[in-house]
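Protein chains in written order, with the working numbering: chain A, 10 to 163; chain B, 4 to 102; chain C, 52 to 594.
Honestly, the hints are just simulated from the structure, not real lab data. One or more hints might be untrue.
[Claimed, not checked] Distance condition first, Cα-Cα at most 30 Å in a straight line; then the derived BS3-like pairs of lysine-lysine:
1. C:Lys354 with C:Lys492
2. B:Lys93 with C:Lys297
3. C:Lys589 with A:Lys125
4. C:Lys523 with C:Lys570
5. C:Lys311 with C:Lys297
6. B:Lys13 with C:Lys216
7. B:Lys5 with C:Lys311
8. C:Lys489 with C:Lys589
9. C:Lys409 with C:Lys354
10. C:Lys161 with C:Lys409
11. C:Lys81 with B:Lys13
12. C:Lys492 with C:Lys409
13. C:Lys81 with A:Lys125
14. B:Lys13 with C:Lys128
15. C:Lys148 with B:Lys5
16. B:Lys13 with C:Lys148
Below are the chains, spelled out letter by letter.
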Amino acid sequence: MDNPLGTSPDEVQFRFREDEVADHATVTVDSCCDQTNATAVRIEPGDDARVLLPFLDRLALVEVNFPGFADGRGYSAARILREAGYTGELRAVGDVLIDQLSHMRRCGFDAFAPDKPLDEEDAARAFATWGNVYQRADDTSGGRRKTIAELRHD
Amino acid sequence: MKILTGNDLKTGDVIWWTGNGWSRHLDDAADVGEHGEEILATEEAARRVNVPYIIEATREDDGSVRPAHIKDRVRALGPTVRPDLTLRPKDPAALDWVI
Amino acid sequence: MYQYDQYDQAMVDARVEEFRDQARRRLEGKLTEDQFKPLRLMNGLYLQLHAYMLRVAIPYGTLNSRQMTALGDIADKYDRGYGHFTTRQNIQYNWIKLEDAADILADLAKVEMHAIQTSGNCIRNISSDHFAGATFDELVDPRPYAELLRQWSSFHPEFTYLPRKFKICVIASERDRAAMRLHDIGIQIVKNEAGEIGARFFVGGGMGRTPMIAPMIRNFVPLDQLITYAEACLRVYNRYGRRDNKYKARIKILVHELGKEEYTRQVEEEFAHMLDIGVEPPREELARIAEHFADPTFEYGPKTVDRSDPDFALWVDRNTHRHKHDSYVSAVISLKPVGGIPGDATGEQMRLMAQLAKRYSFDEIRIMHTQNVVLPHVQIVNLPALWSELDAAGLGAPNMDTIEDMIACPGLDYCALANARSIPLAQRISEAFDASGKTEKLGELKLKISGCINACGHHHAGHIGILGVDKKGVENYQLSLGGSEAEDVSLAKITGPGFTEDGVIEAVEKVTDVYLARKEGEERFLDTYRRIGMEPFKEALYG
């Protein structure tokens with residue numbers, strides 16, 4: 010179906026999931042709350058990610074749009090969804106650039122569909138920027154990664 | 004007249020458009036008339052200048068150039084509180100020129 | 052003081068390489084200036100009037116002699132032989148080349164320093180009381196909490212693209228020497244009725260074009276929830292702070308528009324959620340950090356000193372602060388010589404201050420937000436030797452908290468945002484008051500000068516404040532009175548129409564004359580102003 014709103018699987022440049030790329034028509038947050046069958050949603054910077062929490066079970070894909078890379082609301086949206094137990098694909102879309110990749114990854118994004126394809130080598134380096142991290146975030150949940158403070162007191 | 008200025012991308016030096024390149028000396032600045040925007044676009048894209056902009060200036064009788072705004076005169080000379088670090092360290096009239 | 056372990060070192064080293072790569076991509080054209088600007092700012096690199104400027108972080112204003120020496124060496128090697136200490140306890144260099152910036156960061160990393168988040172819309176360097184760990188009147192040393200916050204805020208993945216910059220200050224005494232309530236978050240470490248130590252949170256203060264005093268939003272946060280509470284404050288701000296208008300994007304506007312109660316309610320809700328999620332570092336981490344701030348071994352010695360040299364006695368009276376150990380004082384090295392540039396120090400002076408710190412102050416140095424330097428632990432018996440060395444190096448001005456100890460931002464001589472010059476005013480005022488001998492009579496008088504509305508010179512918080520504006524291309528200065536950034540915090544009020552450069556210096560003379568004529572008892576300028584109000588001053592200025 011014609012889907013001007015969401016990104017297609019072809020546009021996903023980086024993905025850190027084993028499952029099939031979610032290819033669902035994304036709807037707005039408002040529509041998602043009204044439609045009982047939507048399985049993919051797109052969050053805009055001004056949207057409250059928490060209104061989606063009752064529907065997380067049925068969602069397979071959440072796109073978080075970054076119309077401009079300097080608007081950091083999407084980082085909070087991502088963490089809020091992961092903190093609530095969302096395990097589906099969390100895709101950063103829009104003005105996604107090299108130097109934001111590592112922080113996005115830490116906040117729980119596991120797929121990236123930048124407006125303009127990124128240099129693969131630069132991106133690989135960016136994802137690997139931080140060998141260790143100071144803060145708790147999505148990547149430290151469930152014992153997946155220890156923070157520096159935790160390593161110090163292991 | 005209208006002249007172009009910006010900073011050198013690598014060094015940060017204040018530079019002025021001469022008509023066919025960039026100079027650190029204000030008096031080399033050329034009047035760009037109505038072509039400012041196009042020159043800026045080309046030069047910035049080629050990374051020969053950083054954060055360029057167009058300013059108003061006048062050509063004095065002695066051939067020197069005087070930017071209309073004090074900010075650009077400070078840029079052209081250097082900090083007024085450190086005459087030793089300006090482009091005219093030995094010229095006592097330099098500070099009066101800024102103000 | 053705090054020392055990096057392998058993890059901290061790896062973080063700053065990684066940052067140096069990340070920035071080196073970013074600069075490379077900018078020079079190769081892979082990044083536009085719009086894309087690069089926030090990245091360079093988060094490494095303290097500005098593009099100013101004459102060159103790039105690099106702002107180096109001095110976390111909570113604390114450094115050792117090795118670090119101060121390195122700062123002096125950087126001034127000589129990469130800059131033009133000097134640096135400028137700022138009102139946020141940092142240092143900035145004015146003549147930096149982009150192609151050198153990564154090498155400077157690498158030099159800094161060798162001495163456990165960096166320029167991380169000294170600009171940009173992220174959590175900035177944490178500031179604190181410059182007498183922390185030394186002063187007689189503190190509850191505890193606030194710096195372990197500041198260091199805990201430093202680590203938490205460094206490269207925070209969620210809070211790197213905030214609506215606007217974010218400044219946090221931590222103090223631990225009733226006296227506020229750090230303008231705590233003029234920060235986005237001001238934290239005061241306090242003791243509750245049960246005798247437990249915790250954190251009092253003030254949120255939404257700031258200067259800039261809309262100055263506000265931060266209201267208290269929580270009286271007591273237990274120390275093992277400090278980071279969690281800060282995280283909750285930041286998340287509410289990141290989600291709801293205004294992004295439609297740069298001038299309304301600071302948290303003070305959010306707190307003001309929502310109202311303190313509603314903002315607090317949202318923070319508390321987020322806080323409760325985060326307590327469930329668990330974002331606090333392990334409790335032992337604070338203890339580990341605190342060990343680094345253990346007192347040096349103080350020795351008993353004479354509590355008085357020969358004051359027969361009047362110049363020395365004046366310096367002791369003005370420039371020393373009572374220490375928690377009665378054989379010691381904290382000594383303030385003034386970077387405000389008469390006619391000098393407030394906050395500037397040469398590479399040579401930095402290296403000398405480093406040597407003196409090593410010899411007389413257990414290797415410790417602090418930077419004050421008033422752009423001076425502190426040797427926090429000087430044995431009283433060593434004061435004469437210290438003073439004579441400072442005096443010989445032009446660092447012995449006896450003027451702390453006097454009108455000559457003014458704050459001045461770099462202003463239009465250096466700063467791309469400025470509308471008017473600040474430094475020449477500072478120079479002329481200190482010369483005039485020194486020559487007339489009025490400085491002494493005026494006692495404590497905090498003069499603060501900003502060259503634009505962004506208020507880096509803290510003019511809103513000056514007993515006398517001066518704001519430079521652009522009046523049709525000519526520098527013009529507004530005068531304001533009655534501000535304070537101390538525990539009696541208040542915002543200054545504008546006297547009326549602005550003045551020329553000569554006019555504002557004359558105006559400062561006039562308002563100080565009103566004070567001297569009307570002062571009662573031991574009143575400071577600020578006290579007299581508060582008692583008699585603006586009218587007598589206006590009358591003298593415009594009557």
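How the hints compare with the structure:
1. C:Lys354 with C:Lys492: holds, 28 Å
2. B:Lys93 with C:Lys297: violated, 42 Å
3. C:Lys589 with A:Lys125: At roughly 60 Å apart (the allowed maximum being 30 Å), Lys125 (chain A) and Lys589 (chain C) break the hint.
4. C:Lys523 with C:Lys570: Status violated; Cα separation ~38 Å.
5. C:Lys311 with C:Lys297: Distance of about 21 Å is within 30 Å: holds.
6. B:Lys13 with C:Lys216: holds, 26 Å
7. B:Lys5 with C:Lys311: Not OK: Lys5 (chain B) and Lys311 (chain C) at ~50 Å, beyond 30 Å, violated.
8. C:Lys489 with C:Lys589: holds, 21 Å
9. C:Lys409 with C:Lys354: holds, 21 Å
10. C:Lys161 with C:Lys409: Distance of about 19 Å is within 30 Å: holds.
11. C:Lys81 with B:Lys13: holds, 15 Å
12. C:Lys492 with C:Lys409: violated, 35 Å
13. C:Lys81 with A:Lys125: holds, 12 Å
14. B:Lys13 with C:Lys128: Holds, at roughly 17 Å.
15. C:Lys148 with B:Lys5: holds, 28 Å
16. B:Lys13 with C:Lys148: holds, 6 Å
The structure fails hints 2, 3, 4, 7 and 12 (numbered hints given earlier, in ascending order).
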